[in-house]
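Protein chains: 2
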Amino acid sequence: MKLEFVERYRDSLRDGLGQALRGDDATRQILRYHVGLETVKGKAADAMGKLLRPSLLLYVAEDLGAHLASALPAAIGLELIHNFSLIHDDIEDGDRQRRGRKTVWTLIGVPKAINAGDLMISLALQEADRTSADAVRCLLDAMRDLVDGQSMDLDFETRWVTPSEYRAMIQLKTGALFRCALELAGIIAEAEPDVIKRLASFGEELGMAFQIRDDLLGVWGDESDLGRPAGSDLRKRKKSYPLAGAYQQGSEDDRAFLERAMKSEPVVDADIEKILTLLERLAIRADGEERMKAHLQEAVKQVPYIPFSEDALSAFTALFEGLTAFMTPRAKAED
Amino acid sequence: MKLEFVERYRDSLRDGLGQALRGDDATRQILRYHVGLETVKGKAADAMGKLLRPSLLLYVAEDLGAHLASALPAAIGLELIHNFSLIHDDIEDGDRQRRGRKTVWTLIGVPKAINAGDLMISLALQEADRTSADAVRCLLDAMRDLVDGQSMDLDFETRWVTPSEYRAMIQLKTGALFRCALELAGIIAEAEPDVIKRLASFGEELGMAFQIRDDLLGVWGDESDLGRPAGSDLRKRKKSYPLAGAYQQGSEDDRAFLERAMKSEPVVDADIEKILTLLERLAIRADGEERMKAHLQEAVKQVPYIPFSEDALSAFTALFEGLTAFMTPRAKAED
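Chains as they are written, first to last, in the numbering used here: chain A, 1416 to 1750; chain B, 1416 to 1750.
Just chain A, with the same shape it has in the complex (with noise of 0.2 angstroms):
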């Protein structure tokens, strides 16, 4: 799926993170490595991820009337505090791997990673000050919300969850951040606040369906939709929704064997199988399927409250066909 919404602000927001993360310190060289603009070794890289979040909170801040200067420190600010998260959730998951590249923990050991996650943090907010105290504000609502979600998702590790309290958890994991890229593009661009409670109600489905739709990926994805392996979520006994559906919707031999099954880390092989068998049997896939759309619909409520100009309605609309149609062979997870 590629979007023009999304690849127009490619090189703003390239400049805008190298100069966010300016410096010959090894703390900020590493911050550079983790975001794509450089390699290992310092050299200028190209694997910045979609950078999905800034270009939603750029795109409709623009659509809205906003400058795209006064708007691009927020956006930053949101994808470096998106990137504090990613770097502290890779040493508290134990993963190796993000989009086929090196965790940051993995190159400079667990205490610096830590460090460098928090050093973003300081950054992210720095930055997003540029554009303005709201902004700020914004994000720090945010980072509380994924933080908790965090710890929810931490939680779920060492027992079974039910598919509420799994939407509850992506409500603040994902949701949070999706929200506050559309509410501050509202504010940035000075919207009424009914706009900016639609415009926060809209992010917050996306970014539900979002995670979903990674959360099927993680299982039923190729390696080149994630840049980890296939199966992987299941592997590593993540409760991702594909689980949590599993559990709810299976009969007592099932939630039997799946929790025996998950009691190996990781998971062996010919449990995987199996999952993989049960899942298929209880129409797991479908299932996600349609609890994505369910949260896209919610989002297009939303849609005749906030003034979109018909461009915009236009590029939203192939936003979310290309969602829908995320099983595609060369459908890519974003992040």
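Hints may contain errors.
Stated by the list, open to error - With a straight-line cut-off of 30 angstroms between C-alpha atoms, the simulated DSS-like cross-links for lysine-lysine are:
id, chain 1, residue 1, chain 2, residue 2
1, A, Lys1653, A, Lys1689
2, A, Lys1653, B, Lys1456
3, A, Lys1678, A, Lys1517
4, B, Lys1517, B, Lys1465
5, A, Lys1612, A, Lys1716
6, A, Lys1517, B, Lys1612
7, A, Lys1678, B, Lys1456
8, B, Lys1465, B, Lys1612
9, A, Lys1708, A, Lys1465
10, B, Lys1653, A, Lys1456
11, A, Lys1651, A, Lys1517
12, B, Lys1653, A, Lys1678
13, B, Lys1678, A, Lys1456
14, B, Lys1716, B, Lys1612
Stated by the list, open to error - Partial pick of chain B residues on the chain A-facing surface, computed with a CB cut under 8 angstroms:
id, residue
15, Asp1439
16, Asp1440
17, Leu1555
No lab work stands behind these hints, which were simulated from the structure alone. For each residue, glycine too, the CB sits at the ideal point set by N, CA and C.
Based on the hints, put chain B in the right spot on chain A.
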């Protein structure tokens, strides 16, 4: 050292910390444990540190004419930023004890402890925002500096450092937050720009003196001083002031010995004894005390330019005397 102006705000700070960290979830509960408001089991406890940084902020803010209520959220934010760094530092340094209590990561594991520290950052800054956007700005500068200082400190683990590198490190790691404490007091009291600059400098020098004192206690203090075993900084190969000084002032043979001794982790007992003998021969303790006093004298130089009350002048005289007399049997480290 028991200082009236530090005791004075204890109840307000306890209440403020409790408010900022309220909530039933396990993450906020462990944060309340960490700051000493609760036991591991969530019962009320009285185990807070000396709260020197926020007490200084409140005392100076009031002395310069600010209302306690307007300064309190900033003081809480400051103390929480300090405490987030302790949670993460304890993980990074592998410390299992702090002030005689188990560290967060030993109780909930590294992944959840990283995330708990992250939550504390967002709560800290949101609290400070209740004072003003300027308070958030000041804290963000200080946070960036303290994280940069921690980067240097982590880097020092794998190489020898000069006293001037050490000084640059503590200026960031400890100086920045004390600097911010006094700067915030001036900002909140709406002091003149020059006075705020003087306050910042006063705070930074005080913080550096405080850190050198802590480092000396880390070698020569007993367990009751620091809540950690005597000589523990040496055992952990920490390049704090005493080792940096000894490496600079020692002979070629001394350096060769230090390099050899510091290769085992932890450092063996026989070598600890030899290092202590070397430090004595090189008069490192007296030298460290001199350096500490030099920072206090720099702080004192700012005093004529700050409109402190007579009471404040007496209080600071008592504080400086207390810091200088730090090797008396009853001295305690602040945090």
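Quick rundown of the hints versus the structure:
1. A/Lys1653 with A/Lys1689: 16 angstroms, holds
2. A/Lys1653 with B/Lys1456: Given that 30 angstroms is the threshold and the Cα spacing comes to 28 angstroms, the pair holds.
3. A/Lys1678 with A/Lys1517: Holds: A/Lys1678 and A/Lys1517 sit about 27 angstroms apart, inside 30 angstroms.
4. B/Lys1517 with B/Lys1465: Holds: B/Lys1517 and B/Lys1465 sit about 18 angstroms apart, inside 30 angstroms.
5. A/Lys1612 with A/Lys1716: 13 angstroms, holds
6. A/Lys1517 with B/Lys1612: Status violated; Cα separation ~44 angstroms.
7. A/Lys1678 with B/Lys1456: 28 angstroms, holds
8. B/Lys1465 with B/Lys1612: Holds, because 26 angstroms separates the two Cα atoms, which is no more than 30 angstroms.
9. A/Lys1708 with A/Lys1465: Judged against 30 angstroms, a Cα distance of about 21 angstroms means the pair holds.
10. B/Lys1653 with A/Lys1456: Status holds; Cα separation ~28 angstroms.
11. A/Lys1651 with A/Lys1517: 18 angstroms, holds
12. B/Lys1653 with A/Lys1678: Given that 30 angstroms is the threshold and the Cα spacing comes to 40 angstroms, the pair is violated.
13. B/Lys1678 with A/Lys1456: Roughly 28 angstroms between the alpha carbons, so the hint for B/Lys1678 and A/Lys1456 holds.
14. B/Lys1716 with B/Lys1612: 13 angstroms, holds
15. Asp1439: 12 angstroms, violated
16. Asp1440: Where the cut-off is 8 angstroms and the nearest Cβ of chain A is about 7 angstroms from B/Asp1440, the hint holds.
17. Leu1555: Cβ of B/Leu1555 sits 5 angstroms from chain A, so the hint holds.
The structure does not agree with the numbered hints 6, 12 and 15 stated previously, though it agrees with the rest.
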